[in-house]
Each structure stands twice: as structure tokens, then as C-alpha cells.
Amino acid sequence: MASDETSGKDLTAADSSSVEHVTAAAGTAVVARDAVANPGFPPHRPRITDLDPRAEKRAERTVYTLFYLSIVGSIFAIAAYMIFPIVPEDPGSVRLNNLFIGVGLALALLALGIGAVHWGKALMHDEEGIDERHPVRGTDETRARAVEIFQEANTESGFGRRTLIRNSLIGALVVFPLPAVVLFRGLAPQDQDPVALLKQTLWRKGTRLALDPSGSPIKASDVTLGSSFAVIPEGLTELEHGKLEEKAKSAVILVRMKPQDLIQSPERADWSYDGIVAYSKICTHVGCPVGLYEQQTHHLLCPCHQSQFDVADHAKVIFGPAKRPLPQLPITVDAEGYLIAQSDFLEPVGPSFWERQ
Amino acid sequence: MSTTTDMKPADTKKSGGFTGAAANYIDERTSVSTAVKELGRKIFPDHWSFLLGEVALYSFVIILLSGSFLTFFFQASMAEVHYDGSYVPLKGVEMSVAMASSLDISFDVRGGLLMRQVHHWAALLFVASIGLHMLRIYFTGAFRKPRELNWVIGFVLFILAMAEGFTGYSLPDDLLSGNGLRIIDGMVKGIPVVGTWISFLLFGGEFPGTDIVGRLYSLHILLLPAIIVALIALHLLFVVVHKHTQYPGAGRTNSNVVGYPVLPVYAAKAGGFFFIVFGVVMLMASFFTINPIWNYGPYDPSPVSAGTQPDWYIGFADGALRLIPPGLEWVIFGHTYSFNILIPLVGLGLFIGVVLLYPFLEAWVTGDKREHHVLDRPRNAPTRTAIGAAGVTFYAGLWAAASSDIIATHFKLTMEGVIHTLQAVVILGPFIAYFITKRVCLALMKKDREIVLHGYESGRIVRLPGGEYIEVHQPVDEYERWKLVSYADYKPLEVSPNAQGKVSPLQRVRAGLSRWFFEDRIAPVGTKELEESHGDHH
Chain A
16 MASDETSGKD LTAADSSSVE HVTAAAGTAV VARDAVANPG FPPHRPRITD LDPRAEKRAE
76 RTVYTLFYLS IVGSIFAIAA YMIFPIVPED PGSVRLNNLF IGVGLALALL ALGIGAVHWG
136 KALMHDEEGI DERHPVRGTD ETRARAVEIF QEANTESGFG RRTLIRNSLI GALVVFPLPA
196 VVLFRGLAPQ DQDPVALLKQ TLWRKGTRLA LDPSGSPIKA SDVTLGSSFA VIPEGLTELE
256 HGKLEEKAKS AVILVRMKPQ DLIQSPERAD WSYDGIVAYS KICTHVGCPV GLYEQQTHHL
316 LCPCHQSQFD VADHAKVIFG PAKRPLPQLP ITVDAEGYLI AQSDFLEPVG PSFWERQ
Chain B
40 MSTTTDMKPA DTKKSGGFTG AAANYIDERT SVSTAVKELG RKIFPDHWSF LLGEVALYSF
100 VIILLSGSFL TFFFQASMAE VHYDGSYVPL KGVEMSVAMA SSLDISFDVR GGLLMRQVHH
160 WAALLFVASI GLHMLRIYFT GAFRKPRELN WVIGFVLFIL AMAEGFTGYS LPDDLLSGNG
220 LRIIDGMVKG IPVVGTWISF LLFGGEFPGT DIVGRLYSLH ILLLPAIIVA LIALHLLFVV
280 VHKHTQYPGA GRTNSNVVGY PVLPVYAAKA GGFFFIVFGV VMLMASFFTI NPIWNYGPYD
340 PSPVSAGTQP DWYIGFADGA LRLIPPGLEW VIFGHTYSFN ILIPLVGLGL FIGVVLLYPF
400 LEAWVTGDKR EHHVLDRPRN APTRTAIGAA GVTFYAGLWA AASSDIIATH FKLTMEGVIH
460 TLQAVVILGP FIAYFITKRV CLALMKKDRE IVLHGYESGR IVRLPGGEYI EVHQPVDEYE
520 RWKLVSYADY KPLEVSPNAQ GKVSPLQRVR AGLSRWFFED RIAPVGTKEL EESHGDHH
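Residue numbers (our numbering), protein chains in the order written: chain A, 16 to 372; chain B, 40 to 577.
Hints listed in this document are in silico derivations from the structure and should not be mistaken for laboratory results.
Please note that a few of the clues may not be correct.
Some chain B residues flagged as far from chain A (calculated, every beta-carbon gap over 12 angstroms) [what the hints assert, rightly or not]:
hint, residue
1, 57
2, 59
3, 152
4, 154
5, 201
6, 221
7, 277
8, 310
9, 402
10, 403
11, 433
12, 466
13, 500
14, 504
Heads up, simulated DSBU-like pairs for lysine-lysine below, C-alpha to C-alpha not over 35 angstroms straight-line [stated by the list, open to error]:
hint, chain 1, residue 1, chain 2, residue 2
15, A, 136, B, 522
16, B, 530, B, 541
17, A, 72, B, 486
18, B, 184, A, 136
19, B, 76, A, 136
20, B, 184, B, 76
21, B, 282, A, 136
22, A, 136, B, 451
23, B, 76, B, 486
24, A, 273, B, 451
25, A, 234, B, 541
26, B, 408, B, 451
27, B, 486, B, 184
28, B, 451, A, 331
29, B, 530, B, 485
Glycine residues also receive a C-beta, built at the ideal position from the N, C-alpha and C atoms.
Full structure from sequences and hints, please.
What follows is the structure, given as C-alpha cells:
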């Protein structure tokens with residue numbers, strides 16, 4: 016064996032549960048009296064490169080060839096940077112640029128890595144070495160000295176004796192980070208109440224239903240049977256600020272089905288128009304857009320967590336983790352035949368929150 | 040100090056030429072020779088499974104390198120612009136500066152797409168290798184004394200790696216990652232009492248706001264990496280202090296460590312391995328697209344594509360959300376309780392809590408206060424291995440559920456069927472996996488005993504004079520045998536009453552757990568048994 020003063024023979028004699036552990040409790044471990052003894056290290060088996068000078072030469076050649084190849088790869092990557100530029104508006108050029116720089120770099124890295132590992136495995140001294148372990152804990156003297164140091168520090172400072180100083184220090188240290196916590200209140204605007212904001216959307220009485228994303232208003236006559244549209248309130252696209260915030264609440268899905276297919280509770284009888292119904296598009300589970308409408312079954316599917324809503328029956332949940340139906344937007348038509356909202360949603364849209372009720 | 044010792048370094052300086060002079064210069068200012076003396080010939084044992092942690096370390100270095108490049112081009116702003124880069128299909132589309140600069144990195148910076156893909160692939164590899172590294176540590180019992188605290192550090196690193204992944208994934212502000220943030224927002228709002236306000240503070244107002252990308256950027260490139268670097272340093276410091284564990288083998292004991300010295304073999308192999316990992320990541324980045332944000336488009340709260348999925352390591356959390364049965368949300372005393380969100384959150388919290396605390400639990404059950412530097416073969420700790428298999432099954436069930444829709448469409452199954460099956464897998468699967476794994480481990484241990492006592496089947500059939508055929512069993516040599524007989528064996532704890540003649544409830548629990556762990560035990564073969572079996576090799 017290569018290193019240390021200890022040879023394999025000595026270790027054979029050493030008990031595996033060794034000196035350092037004599038004091039430590041074994042718990043419920045069984046310490047067998049007739050355990051088989053450690054046979055010591057098996058004899059070393061030389062490698063082919065140790066025995067055959069030609070194999071050694073070959074390995075040497077392989078290693079330096081790989082290192083030279085790595086240089087070739089790096090240079091190739093630099094050349095590829097120049098030879099394969101990105102031509103504006105040509106996606107193919109991006110692909111070539113990506114591919115050839117990458118291949119050059121990969122060659123440089125892999126050849127370097129494989130060369131080094133091969134050097135280590137085939138040519139470097141391959142006899143294993145041994146290190147002795149020592150208990151992780153400090154020696155008894157070290158620990159005694161550590162205790163002594165703390166005691167000295169205690170006596171010299173009076174930390175244990177002057178309790179008033181000590182306690183007030185601890186108090187000060189506990190309180191001093193609090194201003195930092197308070198400062199983080201500034202993460203959100205001071206003058207807004209999230210609960211109030213969450214309970215209203217852009218929809219008002221008379222707001223026209225507009226197509227997403229163009230923003231053009233929709234005539235009831237344009238909504239063919241069985242079709243579905245992603246809808247936003249008219250005027251959303253012209254908003255200067257908070258466009259996405261408003262859209263995240265007021266996005267609506269519009270569906271037309273045969274009026275006789277539609278189950279309608281009496282209090283919502285006039286919320287639809289000729290089989291056209293509008294529901295919030297924001298899932299009541301965690302807020303993904305409920306995007307997938309299946310015409311045959313009138314089911315809406317949320318692609319994030321697969322909640323399914325029955326559009327024909329008040330968008331009730333028929334499967335998946337969501338609990339509440341999608342809120343319905345009461346709609347009608349104006350004098351010009353455009354679809355308009357009768358009011359805002361009558362309940363908060365989107366995921367549930369603590370103060371929702 | 041006497042003058043003679045002061046003069047001594049000056050003498051050595053003359054002998055070594057330039058290298059010697061430079062070494063002397065540095066050593067006189069840094070005492071680097073002490074470090075070389077201590078660490079230069081430090082022994083590291085070899086095994087392929089020890090490379091998993093190395094892969095994690097190296098992919099982190101790759102992430103740092105490629106990430107630094109990306110910071111020079113990425114702009115973490117959510118100001119709205121009309122895209123005016125090279126990618127024609129999105130020309131003129133309104134998007135955030137973050138998205139536009141991500142597209143510029145992909146389509147207008149030479150090698151930019153490559154670095155983006157290196158960064159993303161390396162990040163996926165980072166989390167994956169940490170996960171596998173943790174499994175290796177768990178199944179070989181490497182978390183036992185004195186390494187329990189290093190397990191905790193590693194665990195925290197795993198959580199931080201996922202946090203790094205998620206914050207980075209959200210930065211380009213594309214449709215897919217925006218929906219991911221939307222889900223986070225929805226989950227946060229489901230937390231009782233404070234949820235609404237936490238969401239409000241996180242997003243700087245209403246979702247999505249114009250702050251979140253900048254805030255995640257600070258976390259992603261400053262705070263989280265700084266903590267990770269510090270913890271990795273601590274993690275490795277402990278590896279040096281404890282010295283590496285080793286697998287059982289002839290000549291290896293609990294008080295030695297057998298392997299190759301840092302200089303030169305280990306440096307060559309580990310250093311070379313860094314370049315191999317980097318090279319493989321580079322190959323993946325050259326050939327395989329990852330996260331094509333140009334296909335998703337900028338974030339918009341209304342559209343969504345079918346088959347949305349998070350990056351793989353968030354899958355288990357997303358799957359947990361999907362598997363919750365319908366209807367678990369109630370209004371109680373005017374407040375909304377979203378148990379469809381709370382149960383996954385608390386459930387996953389408990390799961391990772393058990394992972395974090397397992398080393399301490401096992402140490403308490405065994406009461407073993409000795410240091411353990413020789414690893415267990417997984418079969419030799421059947422209950423631990425079975426618990427691990429149960430945990431892996433639970434995680435895998437949740438993880439598969441994150442792709443429930445893809446599974447349903449690809450295999451032409453119903454969505455409901457897939458969900459119900461995976462609900463069963465998550466609840467029953469761990470028990471089945473536990474049972475099977477434990478039996479397999481015990482069977483393997485019996486097999487090991489068999490081999491030690493009667494040798495292995497040689498495949499040589501001999502006809503005896505009486506006409507009987509037997510297969511000759513070949514005895515194992517003593518080195519092979521040592522691997523099969525040298526394992527830690529525990530017996531169940533027997534409770535004994537204390538001075539008052541009572542057994543404390545805690546003792547009772549511990550005895551119960553101990554019985555659970557060690558009731559089915561197969562003792563290692565001892566010398567006596569070995570003697571008796573001699574000449575019995577058929």
C-alpha cells in the first residue's frame with residue numbers, strides 16, 4: 016500500500032469497530048463475539064499499462080492526442096462564431112450558430128475531461144493510499160481548554176454575573192432587526208387594499224364584450240352556435256396602466272349553445288342572451304385561464320390542474336381540484352346588437368382568498 | 040524566533056529556480072504549504088455513486104459561468120415594449136423588456152441561445168443530481184453520525200436549488216412561466232389569514248404587477264446564489280473534516296479511508312470529470328432545445344396552451360395540486376378555507392420534514408452513538424431501504440400527476456382514470472413498495488448468507504458414483520466474503536422499567552419503532568457458523 020505509515024498487514028489485525036469507538040454507546044447494535052475478521056487488502060493487480068510498455072505508450076499517445084483535440088475544439092468554436100453569424104430574420108442561421116459553436120465547445124471540454132481522466136486512470140500511480148481516521152470530536156484536552164476559555168471570558172466580561180447588562184443586550188439584539196421587517200411593508204403600495212381590488216373588475220353596466228386580443232366589440236349575431244370566444248372588456252386595450260392586472264381579473268369566455276341545452280336557475284334567467292353565456296375565464300382553483308372548451312359536452316377544462324366546468328349548468332365543477340363554479344357575467348345586447356355586460360361580476364373572480372366572502 | 044529559523048526560507052529559495060521562488064513568495068505571505076501538506080495527499084475513496092455529488096457541484100459551477108454571461112444581456116424589467124428583434128413571428132408584439140431581452144439573447148446574440156440552453160440544462164441537471172446524491176446518501180446510510188448536520192445542509196441546498204430553478208424559470212416573463220407565477224399567486228392566496236397580503240406584497244400590488252421579475256432577479260442572481268455558495272463551502276468543509284465514507288471492502292475499516300490521493304490521481308479524475316460534465320451539458324445545449332419561449336409568446340393572463348407543465352423538479356408540487364379530490368373548500372365563519380391548496384402544502388411540508396429529520400429519527404431508534412464511516416449496502420438495512428422506496432414511490436406518484444393530461448392524451452386514457460389511478464398510487468403505492476422492498480432486501484441477505492456458507496453456484500454439474508447429479512458450489516474467497524459478512528446488525532430494543540418500575544411512553548414509542556425497524560433481522564455469518572459449514576460446498 017502506498018501511503019501512510021500503516022501497511023495493509025497492520026490493518027488486518029485492527030478491529031473494525033476500533034479504538035475510537037470503545038467509549039461510544041452502540042445502542043441496540045449487536046457486537047458479535049465471533050465476527051469474521053477483516054482479511055486485509057487483497058493483493059494489488061497491475062494494469063495493462065504497468066506490464067506492457069507498448070500499452071503505456073499508447074495510453075500516453077491517447078492522452079496528448081485528446082488534449083490537442085481539445086485545442087482544436089476551442090479554435091473551431093471561435094471560428095464557428097465568425098463563420099456562422101446570425102443573419103437577421105433568418106432562424107436557420109441561429110440554429111447553425113448554436114450548433115457549431117456548441118459542438119466546438121463540447122469537443123474542447125469532453126476531450127480535455129476524458130484526456131485528464133484517462134491520464135489519471137491509465138498512467139498515474141494506481142496503488143491506493145490509506146488515511147487514518149480520528150474521532151471528529153476534539154480531544155479531551157482540547158475540549159477542556161475550550162470550556163476553560165469560555166469560563167475565562169465569562170469571568171473577565173462578567174457576562175453571567177452582570178445579568179442586567181446581559182439581558183438588555185439580548186433584548187436589544189432581538190429588537191434591532193424589527194425595523195427591517197417593517198421596511199418591507201413598502202413591497203406593496205401603501206394606499207391600496209388588496210381585498211377591495213380583488214372584488215372588482217373592469218366590467219360595468221353597458222361595457223361591450225370585445226374580442227381578445229384585438230379589442231373589437233362582438234355582435235350577438237356574429238356568435239355562431241357551438242363557438243367559443245376569449246373576451247375582454249372594451250377599452251381594456253387602451254388602458255395606460257394596469258392592463259395585465261385588469262385582464263387577469265376580467266378575462267371572460269363566451270360560449271353559444273342551443274338555448275334548450277342550457278340549464279338556468281330562475282334568478283339567472285336573464286343573464287344570458289339567446290343561448291350565449293359568459294363566464295370568468297380565470298379558474299377558481301389557482302387562477303389559470305380555463306382555456307379548453309369541448310363543444311360536444313359543453314365542458315371547459317383548465318389545462319393547469321384539469322378542473323372541469325359544465326358550461327351548460329352554471330359552470331359547475333364536475334371534476335378536479337376546483338370547488339366553486341366559474342363566476343357568470345350577466346350579459347345582454349345593446350341597441351346596435353352588440354353584446355354588453357349588465358354589471359360587474361357579482362362575486363370575486365379567480366382563486367379563493369381568505370376575505371373572499 | 041531565532042535568526043537561524045528566519046534565515047531558513049531564504050536558503051530554500053535559492054534551490055528551486057523560478058517555481059521555487061514563486062512558491063516561497065506565496066508561502067511566506069499565505070502559509071499555503073500548510074494547506075498542501077494537510078490536503079495534498081488526502082485520500083478519497085472511489086465509487087461511481089460518489090460522482091453524483093460531484094455532478095451537482097460541477098453543474099452549479101456551469102450555472103454560475105453561463106448565468107454570469109446571461110446577466111450581461113438580460114434586463115429584468117417589466118416595462119412594456121413592442122418587440123423589434125430578429126424573430127419575425129413576434130415582431131411588433133407587445134411584451135415586457137425581460138421577454139424582449141430574452142428573445143434578443145436567443146436570436147440576436149451569437150452564442151446567446153447556446154448559453155441560455157447551457158444554463159437551463161445545467162439547472163435541470165443540478166436539481167436532478169442533488170436528488171440522486173441524496174438518494175445515494177440515504178440508501179447507504181451515509182447520513183449517520185457524524186454526518187447528520189451535513190445531511191441537513193444538503194437538504195437545504197436541495198430546497199434552494201429548486202428555489203433557484205423556479206425564480207430563474209420565471210424571469211423571461213413568457214406565457215408558460217407567467218402561468219407558473221399565476222399558480223404560485225393562487226396558492227399563496229389560499230393561505231389562511233395572511234395569504235392575500237403575502238400575494239400583494241410579493242407582486243407589489245395586484246397580480247401580475249410590474250415588480251415580480253425584478254424581485255425574482257435579485258433573489259436569483261444575488262441572494263440565493265450567495266447562500267448556496269456559502270452552504271456548498273460548508274458542505275465540502277464537513278466532507279474534509281469527516282473524511283469521505285467508503286463502501287465495505289476487504290482491508291477497509293471504520294478507522295481508515297482507502298482510495299486515491301488528491302494529488303495527483305484524484306485531481307486528474309475529478310478535474311477531468313468537471314470538463315466531462317460540462318461537455319455533456321454543452322452537447323445537450325447544442326442539439327436539444329430547452330424552454331423555447333419564442334413558441335410560448337409573452338405572458339398574458341388570458342391565453343394558455345394545452346399540456347402546460349412546470350420544469351421537472353416542481354412537478355411533485357404541481358402533481359399534489361392536481362390529485363386533490365374535488366370540493367375541499369369551505370367558508371367557515373365568513374372566511375374561506377382552501378383545503379384543496381392547504382392539504383398539498385401541508386402534506387408536502389410534512390413529507391420533506393420527514394426527509395429532513397430522518398437521520399435523527401433513526402439515530403434515536405437505534406441509540407447508536409458510534410461514528411459510522413463504512414457505508415451500508417442497502418439490503419443490509421431492509422427497513423430503511425423500504426422506507427426510502429416508499430418515499431420514492433410517493434414522490435414519483437405526485438411527479439407523474441404533474442403530467443396527468445399528457446399521460447391521458449398520449450395513451451388515450453380518460454383524464455379521470457389517470458387521476459384516480461395516480462391517487463391510488465400516491466396512497467397505496469408507498470405501502471406496496473415498502474413491503475416488496477423489505478422482502479427483497481431480506482431475500483438478498485439470505486442469499487448472501489447462503490453464498491458465504493455454501494459458496495456460489497459454479498454452473499458445473501457433476502455426476503456422483505450413485506448416479507446423482509449435483510452442481511458444484513465454489514467457495515467465495517475471503518475478500519469477497521468480507522463484503523457479505525461485515526454489516527451493522529441491530530436487534531429490537533427491549534423496554535425495561537425505570538427505578539419507579541414504570542416504562543415511559545417515549546420509551547414505549549421507541550421500542551415500538553425499534554421493533555418495526557429490526558424485528559426481521561438476519562444476523563451476519565460468524566466464524567463459528569463458517570467453521571461448521573466448511574467442506575459443505577454443494
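Going down the list of hints, with the structure as the test:
no., hint, result
1, 57, "24 angstroms, holds"
2, 59, "24 angstroms, holds"
3, 152, "5 angstroms, violated"
4, 154, "9 angstroms, violated"
5, 201, "18 angstroms, holds"
6, 221, "5 angstroms, violated"
7, 277, "9 angstroms, violated"
8, 310, "6 angstroms, violated"
9, 402, "8 angstroms, violated"
10, 403, "9 angstroms, violated"
11, 433, "18 angstroms, holds"
12, 466, "16 angstroms, holds"
13, 500, "30 angstroms, holds"
14, 504, "35 angstroms, holds"
15, A:136 to B:522, "24 angstroms, holds"
16, B:530 to B:541, "22 angstroms, holds"
17, A:72 to B:486, "45 angstroms, violated"
18, B:184 to A:136, "32 angstroms, holds"
19, B:76 to A:136, "24 angstroms, holds"
20, B:184 to B:76, "27 angstroms, holds"
21, B:282 to A:136, "22 angstroms, holds"
22, A:136 to B:451, "50 angstroms, violated"
23, B:76 to B:486, "46 angstroms, violated"
24, A:273 to B:451, "30 angstroms, holds"
25, A:234 to B:541, "83 angstroms, violated"
26, B:408 to B:451, "55 angstroms, violated"
27, B:486 to B:184, "29 angstroms, holds"
28, B:451 to A:331, "26 angstroms, holds"
29, B:530 to B:485, "17 angstroms, holds"
Checked against the numbered hints above, the structure violates hints 3, 4, 6, 7, 8, 9, 10, 17, 22, 23, 25 and 26; every other hint is satisfied.
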